[in-house]
Structures are given as structure tokens and as C-alpha cells.
Amino acid sequence: MTSIISIKNLSKTFRGADGVEVHALENVSLDIQEGEFVSLIGPSGCGKSTLLRMIADLIQPTNGQLTVNGKTAQQARKDREYGFVFQNATLYEWRTVIKNVELPLEIMKHGKEERRARAREMLKLVELGDFEEKYPWQLSGGMQQRVSIARALAFQPRLLLMDEPFGALDEMTRERMNNELLRIWTAMPEMTVVFVTHSISEAVYLSSRVVVMSPRPGRIAEMIDIDLPRPRGSATRDLDQFFHLTSRVRHALRQGVGLGIDE
Amino acid sequence: MAAASERIEPNARAERPPRDSSGMRTLLSSILIIAALCLLWEGLKNFSKSVDYALTVGETTIDLSLFNDTQLPHLGDILGAFSEPSQRNGPPLYAMLLENALYTLWAAVRGFFIGGAIGFILAILFAHSRLLQRGLLPYVVASQTVPILAIAPMVVIWMGRAGALEWSVPIIAAYLTFFPVTIYTLRGLTSIPPTALELMQSYAAGWWDILVKLRLPNALPQIFTALKISATASVVGAIIGELPSGIQTGLGIAILNFSRYYNQSPPRLFATILMAGLLGILFFAVIAGVERLVVRWRAEAAS
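If you read the sequences in order, they're chains A and B.
Position one of the first sequence corresponds to residue 1 (our numbering), numbered consecutively onward.
Position one of the second sequence corresponds to residue 1001 (our numbering), numbered consecutively onward.
Heads up, a few of these hints could be off.
Claimed, not checked - Pairs of lysine-lysine, DSS-like flavour, derived with a Cα cap of 25 Å: (1) B/Lys1213 <-> A/Lys134; (2) A/Lys8 <-> A/Lys78; (3) A/Lys99 <-> B/Lys1213; (4) B/Lys1213 <-> A/Lys109.
Said to hold, decoys possible - Counterexamples of contact, computed for chain A against chain B with all Cβ distances above 12 Å: (5) Glu36; (6) Gly64; (7) Gly70; (8) Gln74; (9) Arg77; (10) Glu93; (11) Arg95; (12) Thr96; (13) Met108; (14) Arg118; (15) Arg151; (16) Pro189; (17) Pro229; (18) Gln255.
As the list claims (entries may be wrong) - One side only, chain A facing chain B, incomplete, derived with CB under 7 Å: (19) Phe84; (20) Pro104; (21) Ile107.
Hints in this document: simulated from the structure, not taken from any laboratory.
All values derive from a computational prediction rather than experimental measurement.
Every residue gets a Cβ at the ideal spot worked out from N, C-alpha and C, and that includes glycine.
Take the sequences, apply the hints, and build the full model.
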């Protein structure tokens, strides 16, 4: 296995509106292997979204090294190494569902027929084949997010970065989306997912590894390997091991917060 | 951590509302409003006449002579004026007004397109260069504080010297129309939800793709708002532009002539004003129709 994301001593300092420096992230080191499903979890202000956005080169670190697929984050972005899924689906309201999925392929200058075929395939994958010609406002929140996942996968990136993608969905829809995502990830064995969430059970259910982060300054409190058997399904949530792992994550989160307060 | 631009309510699914009844309702309510205004007009005239154009309340007397027939003609007289000859042995007023209105409309349309194009190009430049925006936008705003009446004669003289007098009216109209297009388009191009822009960055999209696939479609509703304002403004600009132009045709010239003879025949000026209003509404309606065709995703969601 090769390391697809390599992070060493990464720090990010923002200057707030009042001129006070905020240490969003301090000395974070993390290696993510190809094919892993890694969740970043932590309370707000722990820098988990900041870390994800730095991997995506949407914001730049203040200090430290970060490589994606052996390249700088900027080069990786320019080479379209990753697909990004935002918390709000961020569909373009003037485009139909299928035209939204085609968007990255248009920008990457794929041919018209290939675009159509690929977008159609992706919409089938997220089970929205019948909604091609709908506009985003005609879909529910969960369906919109599935379109945005189809769009992120349309150009077959090896890395999927997800920023609280199901955070705005209700519990039932969220669990269904979790299963969808696992099914898609299983269908693409080479794909690596970095997944930001604030839900403990979601993180444990999905991941091969959970990275617990703590706030002020943002740092990694603990890494927990999730060795739950695969394929995972509704029965997984009833396993003793599942309860054991969720309480471990919960414990780590609590300790992490304590760690921040002690300083 | 949630993006501040969350615009879509999760699970909020809008069903397409029934369309026909709302259109009928709009039509009905506008007819009712027009009828009410007509009643008010005639009612005020009748009331004023019944009190001999002077209303005494306690110690003070209010002069109501504004409502007499030489100041404010009856609606029937205004409508009647359309079919009467515009001058001795001349064609009926409506034919004369129609000819002049078409002339004015053609100048307004040319001004609308010139102003629209200039406004649009300025907005795109401003959206991509903070330096240009900071340097030039104040002058764009200041340009609109200069009275158009002061600029119109200059334009006429310049265009006359350049041998293109027939373009002086469109250019005066363009002076009024470029401004709303610049301001609204600029706002539409730049008020993009942050994540919509980040999505483009994640694809390493160039400025052209961002402009064509994100900024422009995002700005379309605002652009059409501006074009609707500009459509009516271009009619006003053309009418004002005709006054110093020395041209003998156009609604502006008709307004000038009929206001000279207002004391003899007030209905003709009112009829001309009515025609100018209809012209502006017509132009507005055409743009609104184009908007419905172009901004389809909104039309379906909002109707």
C-alpha cells in the first residue's frame, strides 16, 4: 500500500476580524493509505474542515508539508486528483441533474457523447437514473446530495474528499446515504475517501480509520482503527464491537476537549 | 463548519404550483386597479365641479381648479382625441402618434442595445479587476447624477459634427440604459455562494469556464432585472434626446408641440403621454417574455 496523502507538522493560523490570531490547526501529521476510508471527527473549531480544505488546496497551510499522490496539493488540484463533496449539495440551479453531473467533464474537455454516457452511468450508480432532466429544486435534500456525489465521481478521481456531506440530512436519510456511500466505495476498490463528520456512529460505521481531533488549537487527539467486518449493513450497528468502538471514539472526543481546556 | 451559504433547505421539495389561475388573477387585479383609478379620476372631477372648484373647510379654502376640464380633461375626451385629426386636414391623432412612437421606439431599441452592451462589458471588466472597479465605478455612478438634459445637447452637437446625427438620440438613450446593466450584472457576477466557486476551483477551472458556466448563469436573473429597467429608461432617454436634436419626428417632439397648445387642447397631450407609457410597457413586456424563455429554471420554480 502506498500513501496517497502525506501530512507532516501541518499548521494553519487565521487572523480573525479583530486581529487576533486563531490557531485552527497545529502540528498535525497524518498518513492516509490508498484505498482507506478515513473519517475526521471532532467538535466545531477542531480544524477538521480546515484540514480537508488544505488537502483540496482550497486554503493554504501556514506551515508544514502536505503531499497528495506524491505531489503538492496545488499540483494535485490542477491534475484533478480528487472529487469534493460539500455539506450543501452545491448544485447549479440552472442546470438539470444530468448537466450538473456533466459539469466537471465539460471543464475537463471530454466529448459530448462521452460526457452524457458517463453522467448517466454515475446517476445510475446513485440510483437517480430517472431524474436526469429534473432541476435541483425538484429533488429532496438527500437526492441532491446523491447528485453531488455522482458529480464528484464523474471524472473518476482516486480520492474523494467529503465535508460533512450528510450533516444537513435527517437520521433516516443519513443512514440510507451511509449505505449508498459504502456500496459505491466497495465498487471502487482503489478509491480513498476522507470524510469529515461530527457524528460518531457515522464515522465508526463507514471508516477503516477514525481520526479524532480536538479544538483550540486544532490537533489530532487519537487515531482509532475500525476493524469491523465488511460488508457492513444494518446488522453492523448491533454488534458489540460497534458499541465498543463508538464508546472509544466518544471517550477520545471527551478527552480531547479536556485537553484543550487544560491548556 | 457549515458553509454560511446554505441556501437549500434539506428535504424541502417545492411542488410545481398551478400556473393558470395565478395568471388570470394578475390580469383581473390589474383591470380592477385601472378601473379604480379611472373612477377616482372622474370622481374627483365631478366632486370638484359640484363644489365649484373651491372646497371650504373651516377657515381655509382649497383651490380645486386643477380638476377643471381645461387642466385635467375627461378620460373620454382623451380617448376621443385619438380618433380626431391631429391638425387641420391632417391624419387622425392615433396614426400620427403611432408613426412617431415607432420612430422613438427604434431609437430606444438602438440605445438599449448600445447601452446594454457597454454596461455588460463594464460589469465583466469590473468583476475581474478590482483595480478597474475601484478606479472607474465611482465615475459610472457619478455619470448618472449629471442631468441627461445637460448632456443631450452636447451629444447632438458632437454627433452632428461627426456626421451621424441620426445616432444622437440612441446614444442619449444609451446613457440612461448602461448604468442599471452595469450595477445589476456586476452584483450577479460577484455574489456567488462560496462553495459554488470552490467547486470550480476544485476542478482547476479557468476564468473563462468560471465566467460562462458559473458567473453568467448566476447573474442572469439580475441581468434581466436590469434589462427591464433599461427598457423603460431607454424610452425615456429617447424622448428626452429628441427635444434638442432638431429632428422633426418622435414622441418627444409630439409632446413638445402639444404642450405648446395645451390651453387649446389638453386631451392631445394626455393622449401622447398615454402613448409614451404604452411604449415603455410594451418594451418592458418583451424583455419579461424573453426572460421567461431564458431563465427557465426560475420561471418554473417561481410561477
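Hint by hint, here is what the structure shows:
| no. | hint | in the structure |
| --- | --- | --- |
| 1 | B/Lys1213 <-> A/Lys134 | holds, 18 Å |
| 2 | A/Lys8 <-> A/Lys78 | holds, 22 Å |
| 3 | A/Lys99 <-> B/Lys1213 | holds, 11 Å |
| 4 | B/Lys1213 <-> A/Lys109 | holds, 13 Å |
| 5 | Glu36 | holds, 20 Å |
| 6 | Gly64 | holds, 21 Å |
| 7 | Gly70 | holds, 18 Å |
| 8 | Gln74 | violated, 9 Å |
| 9 | Arg77 | violated, 6 Å |
| 10 | Glu93 | violated, 6 Å |
| 11 | Arg95 | violated, 8 Å |
| 12 | Thr96 | violated, 8 Å |
| 13 | Met108 | violated, 7 Å |
| 14 | Arg118 | holds, 15 Å |
| 15 | Arg151 | violated, 9 Å |
| 16 | Pro189 | holds, 23 Å |
| 17 | Pro229 | holds, 31 Å |
| 18 | Gln255 | holds, 21 Å |
| 19 | Phe84 | holds, 4 Å |
| 20 | Pro104 | holds, 5 Å |
| 21 | Ile107 | holds, 5 Å |
The structure fails to meet hints 8, 9, 10, 11, 12, 13 and 15 from the earlier list, while all remaining hints are met.
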